[in-house]
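Participant: Chain by chain, the residues run as shown.
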Amino acid sequence: KAGVTQTPRYLIKTRGQQVTLSCSPISGHRSVSWYQQTPGQGLQFLFEYFSETQRNKGNFPGRFSGRQFSNSRSEMNVSTLELGDSALYLCASSLNVLNYGYTFGSGTRLTVV
Amino acid sequence: DAKTTQPPSMDCAEGRAANLPCNHSTISGNEYVYWYRQIHSQGPQYIIHGLKNNETNEMASLIITEDRKSSTLILPHATLRDTAVYYCIVRGGLGDDKIIFGKGTRLHILP
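Chains as they are written, first to last, in the working numbering: chain S, 1 to 113; chain C, 1 to 111.
These are calculated hints, taken from the structure and not from any lab test. Even glycine gets a Cβ: it sits at the ideal position worked out from N, Cα and C. Hints are supplied without guarantee of correctness; some may be wrong.
Some chain S residues near chain C, calculated using beta-carbon distances under 8 Å [to be verified]: (1) His29; (2) Gly40; (3) Gly42; (4) Phe45; (5) Gln54; (6) Gly58; (7) Phe60; (8) Ser106; (9) Gly107.
Below, computed lysine-lysine pairings styled on DSBU-like, alpha-carbon distance capped at 35 Å [to be verified]: (10) C:Lys69 / S:Lys57; (11) C:Lys69 / S:Lys13; (12) C:Lys52 / S:Lys57; (13) C:Lys103 / S:Lys57; (14) S:Lys13 / C:Lys98; (15) S:Lys13 / C:Lys103; (16) C:Lys103 / C:Lys3; (17) S:Lys13 / C:Lys52.
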């Protein structure tokens, strides 16, 4: 079956712009979580959604937001981009939030210039 | 902050068993131990998880101590393709807490 699909794979944006990243989970998976990975901070949890409801949120400013649609697809948005937002953004899906492992996508590499 | 402590790096000879330790001394009763690995420039890959019993799947074995304060991931016959960063994560079974990745262990498989 198809894995977790993230689009686009690469993105270059200018400071001050906003960006929307998309994640399509594995068919039947209802939980989607997002992560930011940078060389300095490693993998950091952004937020998690289950059945269109945000269950958990990491320690990121309000410029980072997300949502989940009724088909479990998810988007995350970053407004007023800063140079420090350059990172690999990873999405992961799971059947549900109860003791299941997550399957990760390949990520979207965002570069802010 | 991460709830787990792992050595920053380890070496293992190809064909030998790789034993990756993880300390989670503050683990609570309903928290599971999960292991993931990340091969360079790819998304992390789920390996295995467990609560208190030892677990085995086609990829690895997970040994959790009786007091649950530490665990060991065992790759029985390491190959060069097992070179990766391995993350040990603790998370509640209800999934109502944040998912926190630590620094992980960088495993080098030596030919």
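Participant: State for each hint whether it applies.
Facilitator: We went through each hint and held it up to the structure:
no., hint, result
1, His29, "12 Å, violated"
2, Gly40, "11 Å, violated"
3, Gly42, "6 Å, holds"
4, Phe45, "5 Å, holds"
5, Gln54, "12 Å, violated"
6, Gly58, "6 Å, holds"
7, Phe60, "11 Å, violated"
8, Ser106, "5 Å, holds"
9, Gly107, "6 Å, holds"
10, C:Lys69 / S:Lys57, "27 Å, holds"
11, C:Lys69 / S:Lys13, "45 Å, violated"
12, C:Lys52 / S:Lys57, "28 Å, holds"
13, C:Lys103 / S:Lys57, "20 Å, holds"
14, S:Lys13 / C:Lys98, "29 Å, holds"
15, S:Lys13 / C:Lys103, "28 Å, holds"
16, C:Lys103 / C:Lys3, "11 Å, holds"
17, S:Lys13 / C:Lys52, "46 Å, violated"
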